[in-house]
Amino acid sequence: MGHIVEIEGVNKIYGKNHVVRDLNLTVEEGEFLTLLGSSGCGKTTTLRMIAGFEEPSTGSIKVEGESIEEKEPFERNVNTVFQSYALFPHKTIFDNIAYGLKMKKVPKAEIHERVMEMMELVQLGGFEKRYPTQLSGGQKQRVAIARALINRPRVLLLDEPLGALDLKLRKQMQLELKRLQRKLNITFIYVTHDQEEALTMSDRIAIMHDGVLDQLGTPTEIYEQPKTKFVATFIGETNTFDGCVSAIDGTDITVNLENGAVAGSGSGFSILEFLTVSVRPEKMKFSMEPVEGFSLRAKVKDFVYVGNVIKCIASLPNGNEVRIERLAGEELPEAGSRIFLYWEREDAVLIHNRDHLMFQMLENISLT
Amino acid sequence: MDKKISRHEWKSNLLPALVMAGPVTLVLVFLVAVPLVYVGVMSFCSIDEYYNVVFKFSTENYVRLLNADYLKIYGQSLAMAFITTVLCILVGYPFSYLIARTKSKRKTLLYMLVIIPFWTNSLIRIYGWRTFLGTNGWLNGLLQFLHLTGEPVDFLFRQGTTVLGMVYCLIPFMILPLYTAIEKLDGSLLEASADLGARPFATFFQVILPLTSSGIFSGSIMVFIPCLGYFFVADILGGGNSDVIGNLIERQFQSGNNWPLGAALSIILIVMTLVLVKLYQKVGGDMDNLGV
Amino acid sequence: MSRKGKAKAKKGLGGVFCMLVYLFLFLPIVVIVVNSFNATTSKPYLSWKGFTFDWYIKIWENSSLLDAFGNTIIIAAVSTILATVIGTLGAVGMYKYKFRGKGIIDGLLYIPVVIPEIVLGISLLTIFTNVNIPRGMLTLILAHVSFSVPYVIFNVRARLSGYDNSIEEASLDLGANRITTFFEVTLPVLAPGIAGGALLAFTLSIDDVIISYFVNGQTKTYPLKVMESIKSGVAPDVNALSTLILVGTIVLVVLTQSGLFKKKR
Chain U
1 MGHIVEIEGV
11 NKIYGKNHVV
21 RDLNLTVEEG
31 EFLTLLGSSG
41 CGKTTTLRMI
51 AGFEEPSTGS
61 IKVEGESIEE
71 KEPFERNVNT
81 VFQSYALFPH
91 KTIFDNIAYG
101 LKMKKVPKAE
111 IHERVMEMME
121 LVQLGGFEKR
131 YPTQLSGGQK
141 QRVAIARALI
151 NRPRVLLLDE
161 PLGALDLKLR
171 KQMQLELKRL
181 QRKLNITFIY
191 VTHDQEEALT
201 MSDRIAIMHD
211 GVLDQLGTPT
221 EIYEQPKTKF
231 VATFIGETNT
241 FDGCVSAIDG
251 TDITVNLENG
261 AVAGSGSGFS
271 ILEFLTVSVR
281 PEKMKFSMEP
291 VEGFSLRAKV
301 KDFVYVGNVI
311 KCIASLPNGN
321 EVRIERLAGE
331 ELPEAGSRIF
341 LYWEREDAVL
351 IHNRDHLMFQ
361 MLENISLT
Chain D
1 MDKKISRHEW
11 KSNLLPALVM
21 AGPVTLVLVF
31 LVAVPLVYVG
41 VMSFCSIDEY
51 YNVVFKFSTE
61 NYVRLLNADY
71 LKIYGQSLAM
81 AFITTVLCIL
91 VGYPFSYLIA
101 RTKSKRKTLL
111 YMLVIIPFWT
121 NSLIRIYGWR
131 TFLGTNGWLN
141 GLLQFLHLTG
151 EPVDFLFRQG
161 TTVLGMVYCL
171 IPFMILPLYT
181 AIEKLDGSLL
191 EASADLGARP
201 FATFFQVILP
211 LTSSGIFSGS
221 IMVFIPCLGY
231 FFVADILGGG
241 NSDVIGNLIE
251 RQFQSGNNWP
261 LGAALSIILI
271 VMTLVLVKLY
281 QKVGGDMDNL
291 GV
Chain C
1 MSRKGKAKAK
11 KGLGGVFCML
21 VYLFLFLPIV
31 VIVVNSFNAT
41 TSKPYLSWKG
51 FTFDWYIKIW
61 ENSSLLDAFG
71 NTIIIAAVST
81 ILATVIGTLG
91 AVGMYKYKFR
101 GKGIIDGLLY
111 IPVVIPEIVL
121 GISLLTIFTN
131 VNIPRGMLTL
141 ILAHVSFSVP
151 YVIFNVRARL
161 SGYDNSIEEA
171 SLDLGANRIT
181 TFFEVTLPVL
191 APGIAGGALL
201 AFTLSIDDVI
211 ISYFVNGQTK
221 TYPLKVMESI
231 KSGVAPDVNA
241 LSTLILVGTI
251 VLVVLTQSGL
261 FKKKR
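Residue numbers (our numbering), protein chains in the order written: chain U, 1 to 368; chain D, 1 to 292; chain C, 1 to 265.
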């Protein structure tokens, strides 16, 4: 496997808006990479720079080791599936899919053969004479994908392609896209704001936040070892506690929170450093008695039933809420009872908190 | 680096923008803006004894145009434009309402029937009215046949006749925007109003009229302003008894040969137009609703 | 009266009112058509002297009338093509690109639409005189382009308001260059707006009296020919030609309309 797309030191600035900041990202050949983030995080702009619709303000983008700065969108060997599908309303489904081949002046007979083959592949056989307005959302989506894939691009760019579909269809299309990607062995760069979609489909996920690449890793890495507070809260549900390191013993770290002290493990932290502790609801434990190393009291407030999962909501002395998640049938405290919260040291993720330097300074002052 | 960005800029932005917006800019600047500015300049000039334009600043044209005879014609022109507009609303509104809300399958045909007459040259249609209304025209023939009148009645060459011609020429410009506005009206609003206890009369003033007022405003602008300039209608049907501002301008440019005076009259007409358009915008009119 | 009866009476009243309005709109047309069959030969051709087809034959002998009609068609065709090309490019350009002075151009567009035609006519007359362009075919075409362009732009713009920019990007992405994209994607999608604008430009040009009246020089268009003949009474051959034009237009429209219905998408 080689590097198929290399993004080096790319910045994109519109007037006063710094949309993408110093982005470095390498995409491996044949992988399914997702750019994940909320709207305005720069993910779509990144995609459009690879496609050639936008020009980086600084930095370079290489595809197959070759710089593409001088190439117009129509000279690049990448294709895009647009969020709005962008099907040509005045052309039939056949002509839509054939468009790229027609531009490459492929012989007519071959175009016909390849279009038919592609239509079978995306399960649209028999639709060739229809117009885009006569199709459902899911069918339009398939046409958009077929129209891009028929050109056998080295990289397929997908900009929130499933955003307009309803939940059930979206789930189905997710699996289908993954199947297509495996079968054709084409590199997919996929943009979405849906973390669940990203976790289901991707080989690797790049999480962007305010134009910055926060973390790049496999879904498991991202879920289990978030590197920033944003990643921890954006991916899945989690409980976060801001606090300050009060003691370090090897990898065992004690953190002082507003509501008490807790324990975790990690390395690379220093005394008095301000950090965030993240604990997934399913890892959160409770006890009726104080646990060694923890002094976090809470009062059970409410229960939410989500299918076979029960969420228990407890409140801390300062009013913040903590979620405990259990499968139905597992033990949970009674409503109104007072409990002590704790977790296994290795279940807590400690995150350097660079976002709150100012706050950290204030915290240090109040501690001394 | 700079060069690369500028090349991309040039190919994807500057060149297409120039090719696409260039021609229209030339047309609008050289065939609309410059001529109008030139008219403005000319309105402050005067003529010598050979009717040549003398480029020397003077306000004499405007002073001359404040004369009572001219003021009377501005007043007459505005009054006729006003009456024309009111008549167009009174006839056009119920008519548009009926054809826009008909459940008949022939709705498109009914709409087309409003436009078809306008595929015939407007002058010849105005002349058709003259033929119809003249002393030995069809109407007098009918009246005499019915013994309603002994002597032929002269319907022509009155202000009323000119107004009739103006209404005739301009009523589609009232009907079409009204039709569009009324057709857009959501029928369930009328049902809701009735359901809430409003009688048809109240529904009209509380719901229908406010929601279709945009059509009335844009229709009024498109009827009122041309009225001030339609000199040929006043010529053919009014015979000099019902001049509009357009007649005054036409005379200075065709027979009177005092172009600076005509230019000053044009400026007065432009100012009136601008005031009306400002008024239109003030009541919330959208410029994009003008012009068909 | 019962509720049903009242509704019926209202409907009947409305029907009568509409008939009267249509009568008002079509009355002069009826006069024109009837007079085109009038056998009278003495000016001002008003009294009815019996039925004849003669005037429809005499059209072909009246060379000045035919010339004027020919001029009108040429001017309308050329100015429509120019206005459509300039207007379509302009509308797309102004929609897609930002440039200095765009606001001014945008404002100027409304002028030919709101300002009374007579002012446009005399302003063109003064400027053509000033720069010594001989008045005739050329000035007529320029004048007609100047007042048609905004209408084309407004029509194309209406179409652009529902336009998805990403289809052009999709075309570039699929390997078409900018020029191919314009002809393969942009133009066909905007076609209905462009056609509407062109039709309007053609209609405005054919019927224009006021502006042509000031910039024509010695060249006569059909409306100007009519205007000239009004002074001495409009001859039935003019009526006959007008009738033919009207019938021709109706046939054309019916044909295109039914054609559109057949192709239904």
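Do not take every clue at face value.
No farther apart than 25 angstroms at their CA atoms in a straight line, the calculated lysine to any residue pairs in the SDA-like style are these [what the hints assert, rightly or not]: (1) Lys96(C) / Glu191(D); (2) Lys105(U) / Phe99(C); (3) Lys171(U) / Val19(U); (4) Lys102(C) / Lys91(U); (5) Lys231(C) / Lys184(D); (6) Lys91(U) / Tyr110(C); (7) Lys11(C) / Lys282(D); (8) Lys11(D) / Lys299(U); (9) Lys11(C) / Val114(D); (10) Lys98(C) / Leu175(U); (11) Lys282(D) / Ile245(C); (12) Lys4(C) / Lys282(D); (13) Lys11(D) / Tyr110(C); (14) Lys62(U) / Lys231(C); (15) Lys227(U) / Lys91(U); (16) Lys10(C) / Asp186(D); (17) Lys98(C) / Lys62(U); (18) Lys102(U) / Glu70(U); (19) Lys4(C) / Ile208(D); (20) Lys16(U) / Phe99(C); (21) Lys299(U) / Val309(U); (22) Lys91(U) / Lys10(C); (23) Lys105(D) / Leu87(D); (24) Lys11(C) / Ala17(D); (25) Lys4(C) / Glu191(D); (26) Lys96(C) / Lys10(C); (27) Lys11(C) / Trp10(D); (28) Lys184(D) / Ser166(C); (29) Lys91(U) / Asp207(C); (30) Lys16(U) / Ala17(D); (31) Lys231(C) / Gly240(D); (32) Lys105(D) / Gly162(C); (33) Lys11(D) / Phe99(C); (34) Lys98(C) / Trp10(D).
The hints are simulated quantities; they were obtained by calculation from the structure and are not laboratory data.
Hints, one by one, checked against the model:
1. With a C-alpha separation of about 43 angstroms, the suggested pairing of Lys96(C) with Glu191(D) is violated against the 25 angstroms cut-off.
2. Distance restraint check for Lys105(U) and Phe99(C): the Cα-Cα separation of roughly 36 angstroms exceeds the 25 angstroms cut-off, and the hinted pair is therefore not satisfied.
3. In summary, the hint linking Lys171(U) to Val19(U) is not supported, as the alpha carbons are separated by about 30 angstroms, beyond the 25 angstroms threshold.
4. At most 25 angstroms may separate the alpha-carbon atoms for a hinted pair to count; Lys102(C) and Lys91(U) exceed this at roughly 33 angstroms.
5. For a cut-off of 25 angstroms, the pair hint linking Lys231(C) to Lys184(D) is broken: about 45 angstroms separates their Cα positions.
6. With a C-alpha separation of about 35 angstroms, the suggested pairing of Lys91(U) with Tyr110(C) is violated against the 25 angstroms cut-off.
7. Under the criterion of a C-alpha separation no larger than 25 angstroms, the hint pairing Lys11(C) with Lys282(D) is inconsistent with the structure, at around 37 angstroms.
8. Simply put, Lys11(D) and Lys299(U) have alpha-carbon atoms about 65 angstroms apart, too far for the 25 angstroms limit, and the pair is violated.
9. Restraint check: the Cα-Cα separation between Lys11(C) and Val114(D) comes to about 20 angstroms, which is no more than 25 angstroms; the hinted pair holds.
10. For a cut-off of 25 angstroms, the pair hint linking Lys98(C) to Leu175(U) is broken: about 42 angstroms separates their Cα positions.
11. Between the alpha carbons of Lys282(D) and Ile245(C) the distance comes to roughly 42 angstroms, so the proposed pair goes past 25 angstroms and is violated.
12. Our distance criterion of 25 angstroms between C-alpha atoms is broken by Lys4(C) and Lys282(D), whose separation comes to about 44 angstroms.
13. Our distance criterion of 25 angstroms between C-alpha atoms is broken by Lys11(D) and Tyr110(C), whose separation comes to about 31 angstroms.
14. Using a Cα cut-off of 25 angstroms, the hinted pair Lys62(U) and Lys231(C) is violated, with the two alpha carbons roughly 78 angstroms apart.
15. Taken as a hint, the Lys227(U) and Lys91(U) pair is broken in the structure, with Cα atoms around 48 angstroms apart against an allowance of 25 angstroms.
16. In summary, the hint linking Lys10(C) to Asp186(D) is supported, as the alpha carbons are separated by about 21 angstroms, within the 25 angstroms threshold.
17. At roughly 30 angstroms between alpha-carbon atoms, Lys98(C) and Lys62(U) are farther apart than 25 angstroms, so this suggested pair is violated.
18. Distance check on the hinted pair: Lys102(U) and Glu70(U) sit about 24 angstroms apart at the alpha-carbon level, within 25 angstroms; holds.
19. For the hint pairing Lys4(C) with Ile208(D), the CA-to-CA distance comes to about 23 angstroms; that is within 25 angstroms, so the pair holds.
20. Taking the CA atoms of Lys16(U) and Phe99(C), the gap is about 19 angstroms. The hint holds against a cut of 25 angstroms.
21. For the suggested pair Lys299(U) and Val309(U), the alpha carbons sit about 20 angstroms apart, so the restraint of at most 25 angstroms is met.
22. The hinted pair formed by Lys91(U) and Lys10(C) fails the criterion: a straight-line CA distance of about 49 angstroms is larger than 25 angstroms.
23. Straight-line distance between C-alpha atoms of Lys105(D) and Leu87(D) comes to about 29 angstroms, which puts the hinted pair past the 25 angstroms bound.
24. This hinted pair does not check out: Lys11(C) and Ala17(D) have alpha carbons roughly 55 angstroms apart, beyond 25 angstroms.
25. Only pairs whose Cα atoms come within 25 angstroms are accepted, and Lys4(C) paired with Glu191(D) is accepted, the gap being roughly 18 angstroms.
26. Using a Cα cut-off of 25 angstroms, the hinted pair Lys96(C) and Lys10(C) is violated, with the two alpha carbons roughly 51 angstroms apart.
27. Among the hinted pairs, Lys11(C) with Trp10(D) is inconsistent with the structure: their alpha-carbon atoms are about 63 angstroms apart, more than 25 angstroms.
28. Restraint check for Lys184(D) and Ser166(C): the C-alpha separation of about 29 angstroms exceeds 25 angstroms, so the hint is violated.
29. Distance restraint check for Lys91(U) and Asp207(C): the Cα-Cα separation of roughly 37 angstroms exceeds the 25 angstroms cut-off, and the hinted pair is therefore not satisfied.
30. For the proposed pair Lys16(U) and Ala17(D), the alpha carbon gap of about 24 angstroms is at most 25 angstroms, so the pair holds.
31. Taking the CA atoms of Lys231(C) and Gly240(D), the gap is near 14 angstroms; set against the 25 angstroms cutoff, the hint holds.
32. For the proposed pair Lys105(D) and Gly162(C), the alpha carbon gap of about 28 angstroms is over 25 angstroms, so the pair is violated.
33. With a C-alpha separation of about 15 angstroms, the suggested pairing of Lys11(D) with Phe99(C) holds against the 25 angstroms cut-off.
34. Distance check on the hinted pair: Lys98(C) and Trp10(D) sit about 13 angstroms apart at the alpha-carbon level, within 25 angstroms; holds.
Going down the numbered hints, you'll see the structure goes against 1, 2, 3, 4, 5, 6, 7, 8, 10, 11, 12, 13, 14, 15, 17, 22, 23, 24, 26, 27, 28, 29, 32, while the others check out.
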